[in-house]
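A.B. asks: Sequences are here, hints too, so could you generate the full structure?
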Amino acid sequence: MALLEIENLSVMFGSASRPLRALDGLDLCMEQGEVVGIVGESGSGKSTAGLALMGLIDYPGRVTARRMSFADRDLLMMPESERQTLRGKDIAMIFQDPLASLNPCFSIAYQLEETLRVHQAGTRAELRSQTLALLRLVEIPDAEQRLDAYPHQLSGGMCQRVMLAMAIACNPRLLIADEPTTALDVTVQAQMLELLTGLQKQRGMALLLITHDLGVVAQVAHRVVVMYAGQVMEQGRVPDIFDAPRHPYTQALLASLPEYNVGRKRLATIPGNVPSQHERPQGCVLHPRCSNAQEICRTLVPDPAEFPNALVRCHFPLDKTVGPCKQNLTA
Amino acid sequence: MIMETNSSQVLVEANRLAKQYPVAQGWFKPPASLYAVDGVSFRLAAGRTLAVVGESGCGKSTLARLVAMLEPPSSGDLKIDNIQIDQASRSDLKRIRPMVQMVFQNPYASLNPRKKVAAILDEPLAINTKLNKFERKETGLAMLAKVGLQAEHYSRYPHMFSGGQRQRIAIARALMLDPKLIVADEAVSALDVSIQAQVLNLFMDLQESNGLAYLFISHNLAVVEHIADEVMVMYLGKIVEQAAKRHVFDEPLHPYTKALLASMPRLTAKFPQKRSMLHEELPSPLNPPPGCPFSNRCPHKKDACSAAKPALQDFQGRWVACSRIAEIA
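Chains A and B supply the protein sequences, listed in that same order. Residues in the first sequence are numbered from 1 upward in steps of one, following this note's numbering. Residues in the second sequence are numbered from 1 upward in steps of one, following this note's numbering.
Since the hints were made in silico from the structure, they are not lab data.
With a straight-line cut-off of 35 Å between C-alpha atoms, the simulated DSBU-like cross-links for lysine-lysine are:
#	chain 1	residue 1	chain 2	residue 2
1	B	Lys130	B	Lys146
2	B	Lys180	A	Lys265
3	B	Lys258	A	Lys201
4	B	Lys258	B	Lys309
5	B	Lys245	B	Lys94
6	B	Lys146	A	Lys265
7	A	Lys265	B	Lys258
8	B	Lys137	A	Lys265
9	A	Lys201	B	Lys301
10	B	Lys116	A	Lys265
11	A	Lys265	B	Lys245
12	B	Lys137	B	Lys79
13	B	Lys115	B	Lys146
14	B	Lys245	B	Lys79
15	A	Lys265	B	Lys79
Partial chain A-side listing against chain B, Cβ under 10 Å, derived:
#	residue
16	Glu139
17	Thr181
18	Thr187
19	Gln191
20	His212
21	Val220
22	Leu257
23	Arg264
24	Ile270
25	Pro271
26	Gly272
27	Arg289
Ideal Cβ positions, reconstructed from N, Cα and C, are used throughout, including at glycine.
C.D. replies: Next up, the structure:
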């Protein structure tokens, strides 16, 4: 039995007559202890997916799904009070900007204890010693002194560690990390990723890593979901997708990275821009920017097609033998 | 001091450039001084790209502002086109300022939302040249075409463009006065991967067609590896290593450069690889460790490292600031 099963999850904003689909038909299945990365450019709906899983989409946003279950409990039919007990306990989330997500008016000890107070009982002394243990777990130096510090007294990397401590306080089974290292420097990012993967292994958590950085996903995740304009373009195992992408978008995205263009003066590019929510094209959302687009792509939205270990939403999936370097995209 | 570039084509020459800011410590304490840039020297020739890399707070943006003459250095001197900036006459400055233009990180913030593209591109020409209205419009339209935008974009407002297009407008604005040096301060950091590739290509095309030199500031090492000729690694306001790009990326010498490269997420290697990880964070620039600024994070630290600041020295034809470089290389 999978830990998380999602079928056809959609999030819509805007009026009923002219809905804006921020997320359009996400299928995702996660096992206990699995690391899944969601990558995509801005506006691809990756953060919306994380928020929908947490149940943080408010009116006027509308969340619909054919099925959305966590540990065999239906998240959609669940009353809000029950959802509230899940949130922060079994499903936890960390956000991109640690300084914006911590409350500047309270000490970090208070904010960490709050999570524990809500989800479990305990005396003040017990809570404080648990908080201290958590800070040590996320490798904050001089944890005793940092307990009563305020967020502005800590660096960005330290604040992100506090966020992580808060998220794992109640031993969640699923941790959603939305761009956890984007605001950090590379050296601190490497520390943070090592800590995150270490804790994930040690506790057997499932980790849903949302990021725009393909390098981070390649290093940390087992499986990857590539999103574009609210839709999943491709999902599959990390080595397969990075070695031999089947979707033209994944291939073009990889081909536009400087890492795949070593020694070449010009980078391969994807022509055009990511369409905004108001101007999603008919048919396949990628077709105006895709070099392989045919007549059918302009009219018909492709359904995700199953491959061994992969799901690809394209009328003309690429041959497995075509690597990202031997691509034929228009420059 | 660096590299044997022919002095006739040297465009920028910085010699022991430093910028110090006073930082208030409270009502009754005297302000502390923060060295954002400390003793930075380099030469940049026309048509070349010098990349500056380092973590946030290492002084790379301050260096950009010094070179763009937005701020005067506290000490040291800066020569642009063989003219010493702090002693230059008004007429010399008037000639030199258009030669150096800047492109900023966030194209959503660097374009005035109340001005049309027309006004944005027109302003530098109206102030600095004697062209009439029609000639200015013609130049502006030609520039739009050059950066890959259409003529119809000329009368639009910045909010009507996407991030990549806005960055093109910012680049077009920088190019209006036919500069020789573009200071690009994290110019592609805010862009999506596919758009970043387009803008990087534009930068490289313009370098070829206009013979531009770039001072390219970035924290993204993959981008730097692609675009730079020479790389300068900064740490707490100082240069720790400076060399040709191939040297820095293939065989880094300074322990900080090594750590920086090892921290870079790679697409090929699986994560918990053997890496020289740094365990601490960047110390406060107000209170740097004694001696070598990197000593508190360095895996090769010896007591001698805290005694004296290592000078930037020539080691195997490259410039490295590490007192133990001969032992650890």
